[in-house]
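Combine the two chains into a complex, taking the hints into account.
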Amino acid sequence: MASRGTLIGAAAFAILAAGAPLLPQWLVSLSTIAFANALVVLGLVILWRTGLVPFGQALFYAIGAYAVALLGRYTPVRDVFVVVIAGAVCAGIVAYLVGFLLARYREIFFAMLSLAMSMILYGVLVKTETLGSTDGFHVEAGSFFGWRPQGAMRNLALFWLVLGCCAVAAVLVARYFRSVAGALAIPVRDNEIRVEFLGISVDRLIHLKLVISGILAGMGGALAALAVQHVDPQMAYWTTSGGFVFVTILAGAGSVAAAFVGSLAFELVRSIAVDLLPGAWQLILGSALLLTILFLPEGLGSLYARLRRRKEETAP
Amino acid sequence: MSRLSTIACRTFGLATALTLGSVVAASAQQPAAPAAPPIKLGIVSFLSGPAASPFGVPGRNGAEIVIEALNAGKAPAPYNTVGFAGTKIETKFVDEAGSTAQVVTEFRNLVQRDQVDAVVGYISSGSCLAVTPVADELKALTVYFDCGTPRIFEEKPRKYVFRPSSHATKDSTGAARYLVARKKDITLFSGINQNYAWGQDSWKDFVGAMNVLAPKAKVDKELMPKLFQGEFGAEISTLLTSKSQALHSSFWDGDLESFIIQSSARGLQKRMPFIGTTAESSIWRLRDKLPDGTIVGGRGPHGPLAPDNELNTWFKTIYMDRYGTPPTYPSYQMALSLLGLKVAWEKAHKAKGSKPTTDEVVAAFENIEYESPSGTVKMALGNGHQGIQATAYGTYRFNKQKGQPELVDVVRFAAECVNPPSDKSSEEWLKAGMPGAKC
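Going down the list, the sequences are from chains P and D. With my numbering applied, the first sequence corresponds to residues 179 to 494, in that order. With my numbering applied, the second sequence corresponds to residues 13 to 451, in that order.
Bound conformation, chain D alone (with noise of 0.2 Å):
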C-alpha cells in the first residue's frame, strides 16, 4: 500500500511529510548494508482455472523447491552454489489466468513496477506468444518453461527470450517414431485432439511425421471435439467402428481423464492402442484406469522416461519429500528452464566478476549446453534461444503387486533425430521429409 501512496503523491502533487517520514522509515528498517541485494525472480503459471492442476501447480512447486534448494547450496553439482553465483534468489509467483490483456499487464508490473531481474513461466502458447514482443520492448530477460508452439523463434528472431524445454513439434514426431518402430505394418491410424491450437498443431505435426516415416499408412478418423468437452460418447462410437490401429491424442488432464474412462469401458483401447502425448502428466492419478499398452509421453525426456542419472534423483526425491507425489514433466521444465538461467548467469558473472547486466546474461545463455534433470539440454534452434532435448515414448503398464504405474519398453530419440534444424521452421522440415534427422 505503500507503494500506491506514493504513486498517488507523484500523479496529484500531494506529497505531505507524513507520507515522506513514512518513506524514510520504511527505506530504515531494513536491514542495514546486507550481503548483496537478492536477485528477484518472477514466476508465472496457471494458479487457478483448468490448466493449474495438471501444469501451473506442478510447474510453481517446481519452482519452489529447486529456488530453495538452490539458495541453501544443496544441489548436486555442478549446481552447488548458493543461489545464482553466490547471491541468493527471491521469488515472485503471479496468475497467468485471465485474458491476455492482463497476463501482458502483469509481466509489466512485473518488470516495471516490481523490477524483478528475469520471468520464468508461461504454459498457454497464446501467453508465449503475447508477451514475447513486450520482453523484447522493455528489454527483460525472459524464459518460458512449458509453452509448446514453434512459432515464438520461428516467425522472427528474438533477443530477450529463451525457451531451454523443446517446442512441441519433437512430442508429435517421436510418438510417429516409436509407433512405426512398434509397428512397422501400420496402415490405418486415426487421431482425436481438442478443437484449440495445441490439439490442432499437435494433430498436423504428427500426420505430417507419419507421412514421411509411413507413407502407406493413412488417417481415417480425424476427430476435433471442442475443448473441455468431457463427453466423449459419440467420438467413441465413431471411433469403435474404425479399423485403425492407433488413436493418437494430445488431449490433457479432464478431457484425456474423461477420454480413458469412457473409451475403456467400452473396450475401445483393445481394438487400437492409444498414443498420449501428454498422458505422463495424468498416470499418478489415473493408475490403474489408463489400459495397459497405452503408449505414453511427456513432452520429452520428463518424469519416469527421464534419464537414469544423479540430478533426476535429486529432483525426483525432494519433490516427493515435499509434495507427496512424483514430478510430472511440467515440473521438470520448471527445474531445466531455472537451472538454464543458472548456468547463464554464472557464466555471465564468472566472465565479469560482478553481478551480470541483462545483456549479458542473455549473451551468456545463448547456444549453452547443459544437464539437467531430464538429461541434455542444447538451446540449438532459434539462434540460441530455443532449447533442443532427446525425447522418449515408453509402454504403459500398471504394476499390480507394486501398486504402481510403470512404463516398459522405453525408447529413446535423440534430440537431432526428432527436432527440426536450426535453419528450418518445424512445418518446412516436415514437409521436405525431416531431411537431415540424426538417429
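This is chain P alone, in the form it adopts within the complex (with noise of 0.2 Å):
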C-alpha cells in the first residue's frame, strides 16, 4: 500500500501549501523552521535504519549554511533555488570526503568521530574574526527567478520553497528505502557480515546513506540560513547535532513522513513550553521525549502503523 501513503502525503503537503496563507504568520514562520530541520532529520533516519547514529550531523547542516551566506556575502548570487542547490551540494561533497573515514567505524566510534569532525568546524569558525566569530553574520535575502517579496510575502515564498524541498526529497527517500541499497540498511544493522557474503561492501553503501543524508542536511542548513537571516557557529555546535537525534528519536525511523511530523511537533512542544515555562521549559521537552521513549519506543511514526494494524486486525 504504498502508494496510499504517497497519496496522503502528496495530499498533506498540498493542504499545507494552500493553507498556509490563512496561518498565522508566527506559525508559518515556526513551520518554515520545523520543514527545514525536517530535512537534516530525513537524513538522521537514513543512517539510523543501518543501526548508525551519527552526533555531528551539524557539519553539513552549517555547511549548508555557511554556504549560502558566504554566497550573499562574496558573490551577487541571491537566487533561492540556485543558493540552497549550491548548499547541498557544498555539504555533499564535504560528506563525501569524510566518508572515507567515517564509513569505517560503527556505533559509537561512528557517533564520536562525526561530532569530532562538526566541532573542528566550529572550532575554525569561532576562530575565524571576519566572519563575526560567535555572533555570526546576516545572510542576504534570496530572490526568486528575480522576484524579491518583502515581509510576510516572503515568509510565505519560503514556506513554500521549503515545502517543495521538502516534498521531492520525501519522494526521492522514500524511493531510495524500497531500492535495493535502501531495502539493506536493516540486514546491515542486524548482521553485517552475511550482507558483506552477499557480494555488497557494506562500507560504500554507509559512504553512500552518509552522502545522501549530508545533501539532505545541508539542504536543510541552507534552507534554515534563509529563514532566519542569519548564521552562526552555533549551527556547528554538537548540541545542534544533538536536537537532530533528540528530534529522531521523537519521530522514529520507520518512515519518511515521520521526520516531518515529528520535526513540526518538536517546534510547537517547544514553543508552547517556551510560552507556558520561560524559566524551565527544557523539562517539558524532556518529559515529551522521555514519554515518547516509554510509550512509543519506535517514535510518533509508529501510532500510524499501530492504527493500520489495529484496523487490519478488526477488519472481517
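What the hints contain is simulated information worked out from the structure, not anything from laboratory work. Every residue gets a Cβ at the ideal spot worked out from N, C-alpha and C, and that includes glycine. There could be a bad hint or two in this list.
Said to hold, decoys possible - Straight-line distance between alpha carbons at most 30 Å, and here's what the computed DSS-like set of lysine-lysine pairs gives: (1) K305(P) - K443(D); (2) K367(D) - K86(D); (3) K216(D) - K489(P); (4) K233(D) - K305(P); (5) K171(D) - K414(D); (6) K216(D) - K305(P); (7) K238(D) - K305(P); (8) K305(P) - K367(D); (9) K305(P) - K86(D).
Said to hold, decoys possible - Pair by pair, the computed Cβ-Cβ distance ranges are: (10) W296(D) - L455(P): 22 to 30 Å; (11) K171(D) - L455(P): 55 to 63 Å; (12) C451(D) - M331(P): 46 to 54 Å; (13) M331(P) - T93(D): 17 to 25 Å; (14) T308(P) - D148(D): 44 to 52 Å; (15) R194(D) - F278(P): 57 to 65 Å; (16) F278(P) - I273(D): 26 to 34 Å.
Written out as C-alpha cells, the structure reads:
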C-alpha cells in the first residue's frame, strides 16, 4: 500500500501549501524552520536504519547554511534555488570526503568521530573573526527567479520553497528506501557480515548513505539560513546535532512522513513550553522525550502503523 | 490551549459550534470595558544556561521591580506617572537560551502571536544581530538592553531598533584610559580573553585604545583560551614568566571567578594588576577572594560605579529589598532601557494625546536625552538609536571591617571621551587615534 502513503503525503503537502496564507504568520515562520530541520532529520533516519547515530550532523547543516551566507556576502548570487542547491552540493562534497573515514566506523566510534568532525568546523568558525566569530553574520534575502518579495510575502514564499524541497526529498528518499540499497539498511544493522557475504560492500553502502544524509542536512541548513537570515557557529555545535538526534528519537525511523511530523511536533512543543514555563521549558521537552521513549519506543511514526494494524485486525 | 484550537480550526476548517461557543465564552469572561488595555512588553533574557546567573536573571529582576514600581506609580520624579503615560504595563518573559533560529522564532511569536507593543531584551550579541533585521521587517519596536557589539548600528541604519546602553567600545577605551591615568610609564601589558566574539572584540578595542593613549606600551602575552575553559594553569604559568605591568581581561562569571581564584593562589596579581571590564558583576560573590588592587569595570557607570543620585538610591533600595543582593550592571542596563522606553512613549503620548503608534514612539525615541539610575543617557549614535553614557572604573578593595566590597579611586570619563562620534565607526575612530574625544 505504498501508493496510499504517497497519496496521503501529497495531500498533506498540498493542504499545507494551500492553507499557508490562512495561517497566522508566526506559525508559518515556525513551520518553515521545522520543515527545514525535518530534512536533516530525514537524513538521520537514513543512517538510523543501518544502526548508525551520527552526533555530528550539524557539520553538514552548518556547511549548507554558511555556503548560502558566504554566497550572499561575497558574490552577487541571490537566487534561492541556486543557493539552496549550492548549499546541498557543498555539504554533499564534504560528506563524500569525510565519508572515506567515517564509513569505516560503527556504533559509538561512528557517533564520536562524526561529532569530532563537526566540532572541528565549530572551532574554525569561532576563530574566524572576519566572519563575526560566535556572533555570526547576516544572510542576504534571496530572490525567486528575480522576484524579491518583502515581509509576510517573503515568509510565505520561503515556506513554499521549504515545502517544495521537502516534497521532492520525501519522494526521493521513499524511493530509496524501496530500492535494494535502501532495503539493505536493516540487514546491515542486524548482521553486517552476512551482507558482505552477499557480495555487497557495506562500507560503500554506508558511504552512499552518508552522502545522501549530508546533502539533505546541507539543504536543511541552507533553507534555515534563508529563513533565519543569520548564521553563526552554533549551527555546527554538538548541541545542534544533539537536537536533531532528539527529534529523530521523537519521530522514529519507521517512515519518511515521521520525520516531518516529528520535527513539526518538536518545534510546537518547544514553543508552547517556552510560552508556558519561561524558566523551565527544557523540563517539558525532556518529559516529552521520556514519555515518547517509554510509550512509543519506535517514535511518533509508529502510531500510524499501530492504527493500521489495529484496523486490519478488526477487519472481517 | 484555546489559541491552538482556534488555529487548528482555521487551518482545517473544522470550526464547530462548540469551539465557537467557547471563544465567545472566553471573551465574555474579560472584564467589561477596562480603562485601557495594558501595554504589553516582551522581556527576553537568559533564564537558563551559563549566562543566566550573571546576566540573565539580574536583567529579568531589574525589569520585574522597575515595572512593578512604574505600575504602582512609585518611581521618583520624573518617572512617577503610572506605567507608560498612565497605562499599566503587562510583561511576558521569554528565555533567550537556544539556537539563533529559536531566538528569532520566539521574537516572531512575541510580535505576531502575542502582539506585544515592544520587546525589551537580549544579552548575546549574536541574538541582537539576528533579531535586528526581523524587527525592522515586522516594524516591531525593539530595545536591546545588554548586548555589546557595535556592529548593530554601524553596519546599517536601523529604524525600529534602539539600544540605550552604550556599546562595548566604551568598556575597552575606558579601561585603557584608567590604566594609563594610573600608570603613566606603562611599557608592557598582556591580555587574557575568551576566544569568541566578545573576547576578541574587547581585546582588539583595548589594544587599539592603548596604541593611541600609550604608544610606547607593547603587547606581551596575548592569550585566547576557549570559552568556559575553567582551568587556566597553563595560561597562568605563561603570564608568570611575563614582565607585563597590567593584565586586561573581559572574562565573566565562571571563567572570571575560576581565573581569579587560580591566579591569586599563584600570586599573579602581585606582579600585574588585573583589569576586569565586567568584574563588577562578580564582586558580590567573590568578595575577599578578589585581590585588592584589581581594576574593576561594569560595562558603564553601574552598580558601585553609578553616580550618587536619587534615582540610583531608589533603584538600589527596591532591588536590595526584593532580592537581598545589590543590583549589578545588567539590572542597571535593564532599568535604563525601560526608562528610556517610558520617556519616548510618554513624549509620543503627550504629542498625540492618546496611545501612540509604534512609528510615533520610534520617532519620539530618536535623539532623546534622559536621566537613569546610572546617570544621563544620550541617544547620540546610529541616527539617534544608540545611547552613549559616561563610564567609570575603580580599584577594588575588600573592606574587612564592614565585610563589604568597595571601589576606591573611582575615575569618571565623560560619554564623549570614551565613545566614538556619530560619524565614525568604533574601529575607524580607534585607528584614527580617537579624534574629537572630549575628556
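Right, here's what the structure says about each hint:
1. In summary, the hint linking K305(P) to K443(D) is supported, as the alpha carbons are separated by about 22 Å, within the 30 Å threshold.
2. Our distance criterion of 30 Å between C-alpha atoms is met by K367(D) and K86(D), whose separation comes to about 22 Å.
3. Taking the CA atoms of K216(D) and K489(P), the gap is near 68 Å; set against the 30 Å cutoff, the hint is violated.
4. Straight-line distance between C-alpha atoms of K233(D) and K305(P) comes to about 18 Å, which keeps the hinted pair within the 30 Å bound.
5. Taking the CA atoms of K171(D) and K414(D), the gap is near 49 Å; set against the 30 Å cutoff, the hint is violated.
6. Restraint check for K216(D) and K305(P): satisfied, since their Cα atoms lie roughly 14 Å apart, inside the 30 Å limit.
7. This hinted pair checks out: K238(D) and K305(P) have alpha carbons roughly 10 Å apart, not beyond 30 Å.
8. With a CA separation close to 48 Å, the supplied pair K305(P) and K367(D) exceeds the 30 Å bound.
9. The straight-line distance between the Cα atoms of K305(P) and K86(D) is roughly 48 Å, outside the 30 Å bound, and the hint therefore fails.
10. The hinted window of 22 to 30 Å between W296(D) and L455(P) holds, with their beta carbons roughly 28 Å apart.
11. A C-beta distance of roughly 34 Å is found between K171(D) and L455(P), which places it outside the suggested range of 55 to 63 Å.
12. As the Cβ distance of C451(D) to M331(P) is approximately 51 Å, the hint placing it in 46 to 54 Å holds.
13. Taken as a hint, the range 17 to 25 Å is violated for the pair M331(P) and T93(D), whose Cβ atoms sit roughly 40 Å apart.
14. Checked against the hint of 44 to 52 Å, the pair T308(P) and D148(D) fails, with Cβ atoms roughly 25 Å apart.
15. Between R194(D) and F278(P) the beta carbons are some 58 Å apart, a value that agrees with the proposed interval 57 to 65 Å.
16. Evaluation of the 26 to 34 Å hint for F278(P) and I273(D) yields a failure: the beta carbon distance comes to about 46 Å.
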